[in-house]
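Asker: Heads up: the protein sequence lines correspond to chains A and B, in order. For the first sequence, this note's numbering begins at 1 and goes up steadily by one. For the second sequence, this note's numbering begins at 1001 and goes up steadily by one.
Keep in mind the hints are simulated off the structure, nothing from the lab.
Derived pair list, reagent style SDA-like, types lysine to any residue, alpha-carbon separation capped at 20 angstroms:
id	chain 1	residue 1	chain 2	residue 2
1	A	Lys28	B	Asp1006
2	A	Lys28	B	Thr1008
3	B	Lys1038	A	His52
4	B	Lys1011	B	Arg1070
5	B	Lys1063	B	Thr1077
6	A	Lys28	B	Met1126
7	B	Lys1014	B	His1064
8	A	Lys28	B	Glu1067
9	B	Lys1014	B	Lys1063
10	B	Lys1011	B	Glu1067
11	B	Lys1069	A	Pro87
12	A	Lys28	A	Arg84
13	A	Lys28	B	Ser1002
14	B	Lys1011	A	Pro27
15	A	Lys28	B	Leu1096
16	A	Lys28	B	Arg1138
17	B	Lys1069	B	Asp1006
18	B	Lys1014	B	Lys1071
19	B	Lys1063	A	Ser16
20	B	Lys1014	A	Pro90
21	A	Lys28	A	Pro90
22	B	Lys1069	B	Val1086
Pair by pair, the computed Cβ-Cβ distance ranges are:
id	chain 1	residue 1	chain 2	residue 2	range
23	B	Thr1119	A	Tyr80	30 to 40 angstroms
24	B	Tyr1074	A	Tyr85	15 to 25 angstroms
25	A	Ser51	B	Gly1111	17 to 27 angstroms
Covered, in the sense of this in silico footprint (three residues per stretch, anywhere, with C-beta under 8 angstroms from a C-beta of chain A), are these stretches of chain B:
id	segment
26	1043-1057
27	1079-1093
Here a beta-carbon is modelled for each residue, glycine too, at the ideal position from N, C-alpha and C.
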Amino acid sequence: MLDLLLRFLIGGAVVSFFAVLGDIFRPKSFAGLFGAAPSIALATLSLTIHSHGRDYAAIEARSMVLGAIAFFVYANAVSYVLMRYRPRTPLATIGLMPIWFGVALGLWTIFLR
Amino acid sequence: MSIEIDLTSAKITKPHEYAVRFLFGGLVTATTGLIARKYGPSIAGLFLAFPAIFPATATLIAKHEKERKRKAGYNDTRRGRAVASVDAAGTSLGALALGIFALIIWRLLPGHSALGILTLAAISWMAFSILLWQLRRRL
Chain A
1 MLDLLLRFLI GGAVVSFFAV LGDIFRPKSF AGLFGAAPSI ALATLSLTIH
51 SHGRDYAAIE ARSMVLGAIA FFVYANAVSY VLMRYRPRTP LATIGLMPIW
101 FGVALGLWTI FLR
Chain B
1001 MSIEIDLTSA KITKPHEYAV RFLFGGLVTA TTGLIARKYG PSIAGLFLAF
1051 PAIFPATATL IAKHEKERKR KAGYNDTRRG RAVASVDAAG TSLGALALGI
1101 FALIIWRLLP GHSALGILTL AAISWMAFSI LLWQLRRRL
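Sequences are here, hints too, so could you generate the full structure?
Answerer: Structure (structure tokens):
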């Protein structure tokens, strides 16, 4: 329970830090880079290395490569749909989230299962 | 266009909007730990690249841009969505660099200093992000 609370607090703090960076930079295309900052990874991997060791964390990082590819596909899809069809932003970002799950789990099934 | 720091954008973000992003970030990090316990590190690793706060951030950007336009006397939602689209395009480049970050940790972490590799990976993420952004601007 303490581990989860620690993860919550550290994760929230690191994610907030990168979110503020994303707020203050211009142009927006540059600020957008921080939307994919390794915030959760830095918080999680530090704790994982401490509790399970480096080899365990390396296994997580191997899967993270596939998660990042899925993020790339998802973010491009959101960018295209917002520009082309102009839906409400939450509708596009949340409605297209299955793309991330589909690509991430699809790649994991093909390469790592 | 050069890279600039605009602190007014941070000032117009309301406390509850920061709280929402803290909450999402904390929840996803904690959930990743739970997934690792139940399904193992291979599945949990996918969620290290989960777009946790991207929907909230993109929504805030569109909302703030709409408010800026309204204050300037325009009632146009299209501009906000266009800016959110540009932000998402930038995020997609950050996601590619996130893959480099993960690759460095996967290949180098076993057998090397954890602090050194995490630092190297974080610096590489920033460097590749900026490089990709510069390349995209020139194309």
